[in-house]
Structure formats: C-alpha cells, structure tokens
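Novice: Going down the list, the protein sequences come from chains P and C.
Using numbering that gives the first Met the number 0, read the first sequence as starting at 0 and increasing by one per residue.
Using numbering that gives the first Met the number 0, read the second sequence as starting at 0 and increasing by one per residue.
Please note that a few of the clues may not be correct.
[Claimed, not checked] Not close to chain C: a few residues of chain P, all C-beta gaps over 10 Å, as computed: (1) Glu19; (2) Asp103; (3) Glu192; (4) Glu335.
[Claimed, not checked] Simulated crosslink set (DSS-like; lysine-lysine; CA at most 30 Å straight-line): (5) Lys146/P x Lys87/P; (6) Lys224/P x Lys234/C; (7) Lys265/C x Lys287/P; (8) Lys265/C x Lys288/P; (9) Lys213/P x Lys20/C; (10) Lys272/C x Lys272/P; (11) Lys97/C x Lys197/P.
[Stated by the list, open to error] Here are a few chain P residues that face chain C, going by a calculated C-beta distance under 7 Å: (12) Thr174; (13) Ala178; (14) Val219; (15) Gly243; (16) Asn256; (17) Asn262; (18) Thr359; (19) Gly384.
None of these hints come from the bench; they were simulated from the model.
Quantities reported herein were computed from a predicted structural model and do not represent experimental measurements.
Glycine included, every Cβ here is placed at the ideal spot set by N, Cα and C.
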Amino acid sequence: MAKMIPMKERGKRVQRAMPEQAVKERIHNFNEVPLGYAKEDAIYEAQRCLQCDPPTCMEGCPAEVDIPQFIKKIVEEDFSGAYFKILKTNSLPAVCGRVCPQEDQCYKTCVWNKAGKPIAIGRLARFVADWAREQNIHEELPEIEEKDKRVAIVGSGPAGLTCAADLAKMGYDVTIFEALQKPGGVLVYGIPEFRLPKAIVEYEVGEIKRLGVKVVTNFVVGLTKSVDELAEEFDAIFLANGAGAPRFMGIPGENLNDVYSANEFLTRCNLMKAYRFPEFDTPIKAGKKVAVIGAGNVAMDSARTALRLGAEEVHIVYRRTRKEAPARREELVHAEEEGIIFDYLTLPVKILGDKKGNVTSIECIKMRLGEPDESGRRRPIPIEGTNFNMPVDMVIDAIGTVANPIVARSATGVQTDERGYFVTDEKTCATTGKGIFAGGDIVRGAATVISAIGDGKRAAKAINDYLSSGGSLRKQIIH
Amino acid sequence: MVFKIIRKEKWHDVVYSMRVKAPYIAQAAQPGQFVILMIDEKGERIPLTIADYDREEGWIQVVFQTVGKTTTRLAQMNEGDEFFSFVGPLGNPSKIGKYGTVVTVGGGTGIACIYPVTKALKEAGNRVIAIIGARTKGLIIMEDEMRKASTELLITTDDGSYVRKGFVTEVLDEVLQKEKDVKKIWAIGPAIMMKVVCDVAKPYNVETTVSLNAIMVDGTGMCGSCRVTVDGETKFTCVDGPEFNGHLVDWREFMNRLLKYDRLEKLSLEMYKEKQQKGEE
Numbered sequence: 000m001a002k003m004i005p006m007k008e009r010g011k012r013v014q015r016a017m018p019e020q021a022v023k024e025r026i027h028n029f030n031e032v033p034l035g036y037a038k039e040d041a042i043y044e045a046q047r048c049l050q051c052d053p054p055t056c057m058e059g060c061p062a063e064v065d066i067p068q069f070i071k072k073i074v075e076e077d078f079s080g081a082y083f084k085i086l087k088t089n090s091l092p093a094v095c096g097r098v099c100p101q102e103d104q105c106y107k108t109c110v111w112n113k114a115g116k117p118i119a120i121g122r123l124a125r126f127v128a129d130w131a132r133e134q135n136i137h138e139e140l141p142e143i144e145e146k147d148k149r150v151a152i153v154g155s156g157p158a159g160l161t162c163a164a165d166l167a168k169m170g171y172d173v174t175i176f177e178a179l180q181k182p183g184g185v186l187v188y189g190i191p192e193f194r195l196p197k198a199i200v201e202y203e204v205g206e207i208k209r210l211g212v213k214v215v216t217n218f219v220v221g222l223t224k225s226v227d228e229l230a231e232e233f234d235a236i237f238l239a240n241g242a243g244a245p246r247f248m249g250i251p252g253e254n255l256n257d258v259y260s261a262n263e264f265l266t267r268c269n270l271m272k273a274y275r276f277p278e279f280d281t282p283i284k285a286g287k288k289v290a291v292i293g294a295g296n297v298a299m300d301s302a303r304t305a306l307r308l309g310a311e312e313v314h315i316v317y318r319r320t321r322k323e324a325p326a327r328r329e330e331l332v333h334a335e336e337e338g339i340i341f342d343y344l345t346l347p348v349k350i351l352g353d354k355k356g357n358v359t360s361i362e363c364i365k366m367r368l369g370e371p372d373e374s375g376r377r378r379p380i381p382i383e384g385t386n387f388n389m390p391v392d393m394v395i396d397a398i399g400t401v402a403n404p405i406v407a408r409s410a411t412g413v414q415t416d417e418r419g420y421f422v423t424d425e426k427t428c429a430t431t432g433k434g435i436f437a438g439g440d441i442v443r444g445a446a447t448v449i450s451a452i453g454d455g456k457r458a459a460k461a462i463n464d465y466l467s468s469g470g471s472l473r474k475q476i477i478h
Numbered sequence: 000m001v002f003k004i005i006r007k008e009k010w011h012d013v014v015y016s017m018r019v020k021a022p023y024i025a026q027a028a029q030p031g032q033f034v035i036l037m038i039d040e041k042g043e044r045i046p047l048t049i050a051d052y053d054r055e056e057g058w059i060q061v062v063f064q065t066v067g068k069t070t071t072r073l074a075q076m077n078e079g080d081e082f083f084s085f086v087g088p089l090g091n092p093s094k095i096g097k098y099g100t101v102v103t104v105g106g107g108t109g110i111a112c113i114y115p116v117t118k119a120l121k122e123a124g125n126r127v128i129a130i131i132g133a134r135t136k137g138l139i140i141m142e143d144e145m146r147k148a149s150t151e152l153l154i155t156t157d158d159g160s161y162v163r164k165g166f167v168t169e170v171l172d173e174v175l176q177k178e179k180d181v182k183k184i185w186a187i188g189p190a191i192m193m194k195v196v197c198d199v200a201k202p203y204n205v206e207t208t209v210s211l212n213a214i215m216v217d218g219t220g221m222c223g224s225c226r227v228t229v230d231g232e233t234k235f236t237c238v239d240g241p242e243f244n245g246h247l248v249d250w251r252e253f254m255n256r257l258l259k260y261d262r263l264e265k266l267s268l269e270m271y272k273e274k275q276q277k278g279e280e
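Use the sequences and the hints to build the structure in full.
Specialist: Structure below.
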C-alpha cells in the first residue's frame, strides 16, 4: 500500500509525464494519442500533492471537484473512493480528464504551478475514471425522494448532461432533448476520436442515464417542438443547445466544393465515422494538400484529422503568431509534432478553383502585428504587395461559430443579444424568461467543455431554487 | 422514439413511397419541409421532402427514387422495419398565401414534393395549374392526388409514352404564353429542371420558387454542407431554405456542389451491390 511521502520528497519530484502514441504511428490511425497513467504513475504523481488547506486548486475548477480529497484516495490506492469523490460533483470525469484545459484551470491555481510543475490533476482524474470504467465500478445510487417536477434540457452536450445529472441526483424528473442521433453534443460530433474516444462519452452518458435521466434523440427543439410547447409540459427548461452555426470568412471562392467548415469536416468524421467509409456510408473528401484556417482547438482537431485521412501536407493558416493562437498548448504541440505546417501572419484573401468547383489554391497576404485591439491581442495588419499563392486542394474554415437561431426563435420572452446568444444572469444562468435557464456555448459563444459544465452546475442549483420555492412554467401557463 | 415503416409501396422499378410513424413530426409538419433519416448506425443522413402527413394518424410520407447506396437500401426495407434516426420537420414551410393564378411544376420524384405545396395553395384559394412530368409513363406518380390537389393538371413525358411528349419546361412556356396573369411559380425536381424553369419564367417576369435538394449532414444549420449562393449571399439550404427565389440562385455553383461526392457515392453503391451478390449483406 502506497502512502503519503515526506514534504521534502514531494518537492524533489517533478510532474510525471503521460505516455503517448508515437508520432510515426499515430498519424495513421484515429486511436487516442495520450495513453493514460499506469497505476504507479498515478500514485507517484498523487504523492506530490501538498494537500493544501485551503486548497487553491479548487478555485480553478468550475466542476467543484474536491481535488485534494480524490488525490488523497489515490495515494491510499482507494481508486473507487477517488472516483466517487470526483463523481460527487462532476458527472463527466473521463471526458474532463481528457479535454479540460487544465492549464487555465486547476493547474494554474495549484501552488506547485509557481515552480512550473503543477500536479497533473487532469491526468489523475482520467486515470481514476478509466480505472473505474475498466473495473466496472458504479456509483451506488442514493435513496432520494423523487420530486414531482419535470425539467426539460435542450441539448446533450457537456452543459446539458451536467445539469441533467445534478438535477436527477436531487430527485427531479429530467428529460434531455437531442437533435442528433446520439447524445453528447460537441463531445461526439466535434472532438475527434484521437482526443476523446466516443466509447468513453457513451459510457459516461450511460452513467448519467443510470441516474434516471431520459434522453430523447432525433428531436430538434425549435422544429419538432418549440420551447413554448415544452413550457406547457415541463416545470423548468435549461437551454444548452451549443454555439452551432459555422462562420465563414466571406472571401471569394468559399463555396467551392472542397471548402469545408470545421463543423462539417469534424461532424462527418467523428459523428458519422466518415474516416471508416465505405464501411460507414457517410463520405468525406481526403485532400492531399489541406489548408486549415484558424489556430484554435477546432483548427488543430481539423488539421490532425486531415492528416489521418491521408493528407500529404496540412497547413494551419493563421493571421497572428504562435503566441496569440487560442489553441491549448498541448494541442498545438501535438499538431507540431505531427508535422502540421504553421503559416503564421498569413491571411487568406481568395480561394481559387477550376470549372468543376475543385479548389486549386488559396491566395494569401502576409500580415504584421500592430497595436493591441479590444481583445488585448495585437491587431494583424496586411502588408501590401505580399500576396502569394498557396497550392492546396482542400480548405477547412475553423474560424469560429455564430449562434444557431432555431431554438431561440421558438422561445417567446427569452432574450438574445445582438449576436443571437441568450442573455443570462451570470450567477444563476436565468434567462429573461421565467423558469427558463441557459448555459454553455449558446450563452458564451464557443468556449470550453469545463465552462459549459460549470454553467450546467450553476443552472441545476438555480433550477432547484426556482422549483423548490414553488416556481413552475406549467403553472404560469395555466394561470 | 421508434420510427417504423407502416406502409411501403413500389410505384415503379426505381420509385417507392413509404409512410413512417412519427407523431411529433406529423404534428409539426407543413408543406415544403423535409425530414432527415438514417437507416442504421452505419448509415448516412439523407434529406427527403415530406410528401404528405396525417396529424391524427401520426405519419409522414416520403417518396424516393433509388440512386445511391442509401436509397437502394431504403427500397429494401419493409413495413415494420424501423429507422435508426428520423428527424424533422426541418427547413422552413412554403410561403402559402392567396395570390390568384399560380403554377406548380414537379419533375420525377419532385412530383411528390410539389404535391403538398400544390394542395396547400389550392386550399388557400388560388387557381393552381399543376404541371408534372417524368422521363417515361411509369415515372408519373401521384397523378390522382395531383389532379385533386390542383385546379388544372397538365402531364408530359420526355419520351411521349404518356399524354404528350416534351419537358415540363415546354409546357410551362405554353401556359405562360396563354395565361397572362400568373402570379407565382413553384418548381421542384432535378436541379437542371428547376434552373430551366427559371430561365423560361424569366422573360415573363414571374417570381419562381424552387426547393433545393442540397447535400446535408445535420440539417439544422450546424455544418454548412448545404450552402448555396442566393443573390450573392451565402445561405444554408437547411435553415434558410429549402425554398429560394430561383432567379437569384447561383445554379452553376449549386449543381457543382451536388456532384461533390459523386465518385465516392458510386464507389459506395458498387461495393454494396458486389457484397449483395456475394450474399454478404
């Protein structure tokens, strides 16, 4: 049995690295890249934790995970105990352990961060969740008094799933409505298999269903039924339908055949499994020379997916520099290791094609950085006369998303801002429609899985407050 | 939710009609809208226009022609079989109003798509001249329904095997010459037919609405696969359409985009047929 080690020893240790699939191999498959800690790695890393009181790491966790406690359980080799500690507040531990940008969250607030070696909390969470799944360990469901109140959740992404799980644990009758054929939202359509295996998402969704949450797939709220109609059947509603619609650059040639939005490219690959065509029926084009526009996580995912589909050359074309790239460092480094070519300070101005609509090249212009703009980042300015042609046969736009209006336009009295995102109270996620709450990307614009989880938790609390103080959408309508 | 085929009819070697139990969709459906279905977990999502629906009985009717692997497999499904996914109603309803004399044009399986629009236009008090056409007699579908749904029904076949010889666009030209006060035209069929309808209607200055059968994935505005240029602006067929002013559609781009996966679609169908012959599927 492992045990706590002396403080001095903890200081000597450095962060335990996580093994990864070798670059040479991984660029030819869709299997997960980081391979996870072995038991020994997890214990070694957990022993480094100083068990701070109060624990500053928790300040960085929107999922409110009791980090020191679950780490302590790992040291004690009580892995199921550690799993239950995490599960108490976070219903998506294996997902979070993989895709949460910990460097901006708990790693940042961990005291060891000052020494440049924060505890690898995410890797530990992943280890614990994977262990529990492999050992088939399930949380024992507490005896709860069922409440006679029904909550509808629109969208089964991280915000919706979290809110649903928390409310179900409080005893509410919860139904999630999902437009696609599978639950998970961005976790299934957006994030590639090599970063987040779909079997893991399916498993954690299954665990949430075990809590009594009902998931209705193939149901487009806003079209199959309006939010107004749901309000007649449910006591409260949480809108978590995601950011949705892809943004395009608005340059000539963008509707040529081989120009994809990252949303389409990734949805075909991840949700529809086009990378296994023709075993799966959904086709995808596999470009030889691909340009991905943008440098966020979605751009990295698109570039690395294109590579795995057999591209000979994949470029990330970004108008700023590596420093401003919004992707997680880990993802950026993975892409660099895999041989993605980064064309910084480069802006596409035109996409050129042949008569059949096939892309032949993109015309770009070189940029330089000027004064900082509203976002605090230095504004990229085109350098006149530097236009050049980059021969490519496929372009993927990964420059962000805009709000999808389908849900909002079917919700009377629920205000959106000028960009179409729901206006909410930051603390409670309450919209301007009584009994209707909203969170995740449809409030924040494209953000992170962990902030969506945080919204789901806040909304669940606020919905509980609303319903326990006698609130009900159904009542409002009857009166 | 379970989406079961409750009636299947073979109308021609390559044309089938199916009624699918889908109460919520039937409840919300309106003329002009479509559904997206998946046969099984490995299937692709394909859009099909809603040909008819019954709110009380809770079904949706779709009509399709076997073209690729998915429609070929669809034709092999039977009453009692269930879809893995069946979602809708998607897209915007047709803008039905009382306009006066209007013309609806349906070509091939597009006849099934123009049917609910024709019916709704007549119910709204319009004088509806419907023109339907197909390659040959056997492919003229829903003739009785169309006759009931319209004020006047004109039929044509490319090979002259039924009623008369000629394209729907030739019939349309004759109608427009004769009728001086056609307010609007709706046309649904193959892209090239819809384009030519617009070309024919243009000199008469009649507003022409077309329903675009773009390639889609989610059908809810999430992917942009179905984008089309209308009046110089990019639109998503699924959420901004599927109906657009045909005179403003960039047809060349649209028709190019329809062929995007042509090679892969053919490959997929060939492999499927081969497997079937070997008795593997």
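Novice: Confirm or reject each hint.
Specialist: Hint-by-hint comparison with the structure:
1. Glu19: About 30 Å separates Glu19/P from the closest Cβ of chain C, which puts it past 10 Å; holds.
2. Asp103: Consistent with the label, Asp103/P stays out of reach of chain C, its closest Cβ about 26 Å off (over 10 Å).
3. Glu192: Non-interface label on Glu192/P holds, nearest chain C Cβ at 15 Å vs cutoff 10 Å.
4. Glu335: holds (28 Å)
5. Lys146/P x Lys87/P: Holds, at about 20 Å.
6. Lys224/P x Lys234/C: Roughly 24 Å separates the two Cα atoms, so the pair holds.
7. Lys265/C x Lys287/P: Measuring from Cα to Cα gives roughly 21 Å; hence the hint holds.
8. Lys265/C x Lys288/P: holds (24 Å)
9. Lys213/P x Lys20/C: Holds - the C-alpha atoms of Lys20/C and Lys213/P are around 21 Å apart, at most 30 Å.
10. Lys272/C x Lys272/P: Holds, because 21 Å separates the two Cα atoms, which is no more than 30 Å.
11. Lys97/C x Lys197/P: violated (51 Å)
12. Thr174: violated (12 Å)
13. Ala178: holds (5 Å)
14. Val219: holds (6 Å)
15. Gly243: holds (5 Å)
16. Asn256: Holds: closest Cβ of chain C sits about 5 Å from Asn256/P, inside 7 Å.
17. Asn262: Holds: closest Cβ of chain C sits about 5 Å from Asn262/P, inside 7 Å.
18. Thr359: Violated, about 14 Å.
19. Gly384: violated (29 Å)
In this structure, the earlier hints numbered 11, 12, 18, 19 are contradicted, and the remaining ones agree with it.
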